[in-house]
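Protein sequences appear in the order of chains W and A. Residue numbering for the first sequence follows this note's numbering, starting at 1 and increasing by one per position. Residue numbering for the second sequence follows this note's numbering, starting at 1 and increasing by one per position.
Pulled a few chain W residues facing chain A out of the computed Cβ check, cut under 10 Å:
# : residue
1 : ALA15
2 : ARG23
3 : VAL24
4 : THR110
5 : SER116
6 : LEU117
7 : LYS122
These aren't lab readings, by the way, just hints derived from the structure by calculation. Each residue gets a CB set at the ideal place from its N, CA and C atoms; glycine is no exception.
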Amino acid sequence: MTAGTLAPRTVTIPAGARVTWWRVVHSEWIKFRSLRSSLIMLAATVVLLAGLGLAFSTVLATNPPEPGTPSAPGGPSSLDPLGASLGGVNLAQLLIGTLGVLLVAGEYSTGMIRSSLAAVPKRWPVLAAKVTVLATVSLVVLATVAVLTFLGGQRILGEDGISLGGEGVLRAVLGAAVYLAGVGVLGMALGALLRNTAGAITSLVALLLVVPGVTSLLPDSWSDAISPYLPSNAGEAVMSITSSSDQLSPGAGLAVFVGWLVVFVGAAIVALRRRDA
Amino acid sequence: MIDVTNLSKRYGDKVAVEELTFQVRPGIVTGFLGPNGAGKSTTMRMILGLDAPSAGTVTVNGRRYVEHLAPLREIGALLEARAVHTGRSARNHLLAMAATSGIPRRRVDEVIDLVGLREVAGKRAGGFSLGMGQRLGIAAAMLGDPKVVMLDEPVNGLDPEGILWIRHLLKALAAEGRTVFVSSHLMSEMALTADHLIVIGRGRLIADVPVAAFVAQAAHDTVRVRSPQAAELRDLLVGPEVTVSGGEPGLLEVSGLTLQQIGDRAAAAGLTLHELSAQQTSLEEAFMTLTRDAVEYTAAPTAGDVPAGRNVR
Chain W
1 MTAGTLAPRT VTIPAGARVT WWRVVHSEWI KFRSLRSSLI MLAATVVLLA
51 GLGLAFSTVL ATNPPEPGTP SAPGGPSSLD PLGASLGGVN LAQLLIGTLG
101 VLLVAGEYST GMIRSSLAAV PKRWPVLAAK VTVLATVSLV VLATVAVLTF
151 LGGQRILGED GISLGGEGVL RAVLGAAVYL AGVGVLGMAL GALLRNTAGA
201 ITSLVALLLV VPGVTSLLPD SWSDAISPYL PSNAGEAVMS ITSSSDQLSP
251 GAGLAVFVGW LVVFVGAAIV ALRRRDA
Chain A
1 MIDVTNLSKR YGDKVAVEEL TFQVRPGIVT GFLGPNGAGK STTMRMILGL
51 DAPSAGTVTV NGRRYVEHLA PLREIGALLE ARAVHTGRSA RNHLLAMAAT
101 SGIPRRRVDE VIDLVGLREV AGKRAGGFSL GMGQRLGIAA AMLGDPKVVM
151 LDEPVNGLDP EGILWIRHLL KALAAEGRTV FVSSHLMSEM ALTADHLIVI
201 GRGRLIADVP VAAFVAQAAH DTVRVRSPQA AELRDLLVGP EVTVSGGEPG
251 LLEVSGLTLQ QIGDRAAAAG LTLHELSAQQ TSLEEAFMTL TRDAVEYTAA
301 PTAGDVPAGR NVR
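Bound conformation, chain W alone (with noise of 0.2 Å):
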């Protein structure tokens, strides 16, 4: 390896050489699509979505309930054909959620958000953009995954299968790709806020499936008034056609769910811009 001499530069750099918006969008998506584990993490979270949609609709095909079986209140349940096809999302918010926590997190773990802030000292955009490009590509790919499974499980379900023209039934598979979004972005959120991986992960998972264990141990007076606007119950709202007294409205839920991001970033972007980097 030998260093050349100080060659010459040819290059001119522009005058108008300014941090945009969407340069730091640009700038954003480069790192998103140069890194390996981000592109695995979308991979992994489009694999189990898919997979276990198909795998959960092959199940309720061969094992019909028997008729006359109350669903499982709220939310979908692999014993309805929607629930069924969207069976992957449990899991699959597990994994975007990490995907959002590393895509900060890991900046600080490596220092390269101290050169992320220094192309970038106004620091907030740089957040922003982040958040930007994945919940733009996740809501892309996410919403197509879906989509597709959906019709991949109806498929499997034959005449038991319902129609995507039915009454909310696209909203919901749709509000599936906008929760799962979603997840990213709160995990992205925590990423910034406690800038160090196995914490963030820790507290989304805990924020996701353990705050709502322990809330349903309060008493009912309490667990009825809190419960629902837990970001994984409202989220659950967006993406099911049945409705349950217990469960907000898909819009309330999702006015609730889009509530908790801003109160998320927005926490996240204040500790940006105050804390040393």
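Chain A: place on chain W using the hints.
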């Protein structure tokens, strides 16, 4: 141009930088010297806006760094620890950095060639040696063809060829009229590269002098004289411009007189000399004398089997 004014940084009770004021001017290489833990890296991080000062201000080319619209055009920096994602290739790292400011792809190839990383540009930065990592950091610093170049310990991990290359690079950048600010804990390296020195210890400014002046002051040559008649000789030599110190019996350290002057005077007085030799103070020794009181981590004197410890902060 970098202007640091009354800059302080405290982490809890610990003072990292205290009331620092200095200016780094364009057209010359300014060395930033101090023992480990003196606050050099902290100061550089504040210049780059990564750490917020507890008090005081720092501007780059007349503005706080955060206010610059084209930051990579203003200052290119290599920071102490690696600031690269280990999973990304060198080229992709530079492409992502360049994209933030719309710097063309051709410039990325140009800086890769400048630092001699062409053959490994497609490899993951995590597999780079320390020297290759430094070169990648320097490539990133040069991306925006910046007016100010700030490098934290750039010769760390470089082979002799690389060190020579850095020296030439820094001088060439300064000759082009850029502001060049380089930190090091090695005085000898700075004496060869820098035109001006800013020396700090325990976060405080110790010296802000041209290298030539520092070297002249440091090169305080002494003469070692050994004589059985040391006491008489001392009386003979002392004068207004002359200092004589004696360690062991029969040994004198004389400064302010040449070998010849001492020899002649001794001969004239009929005094016997057993040794007459010139002692040169190295720059490293001068630097250590200057910063001795400001060294944060000193090896405790070892006694018997007690291991050398570090002073607790």
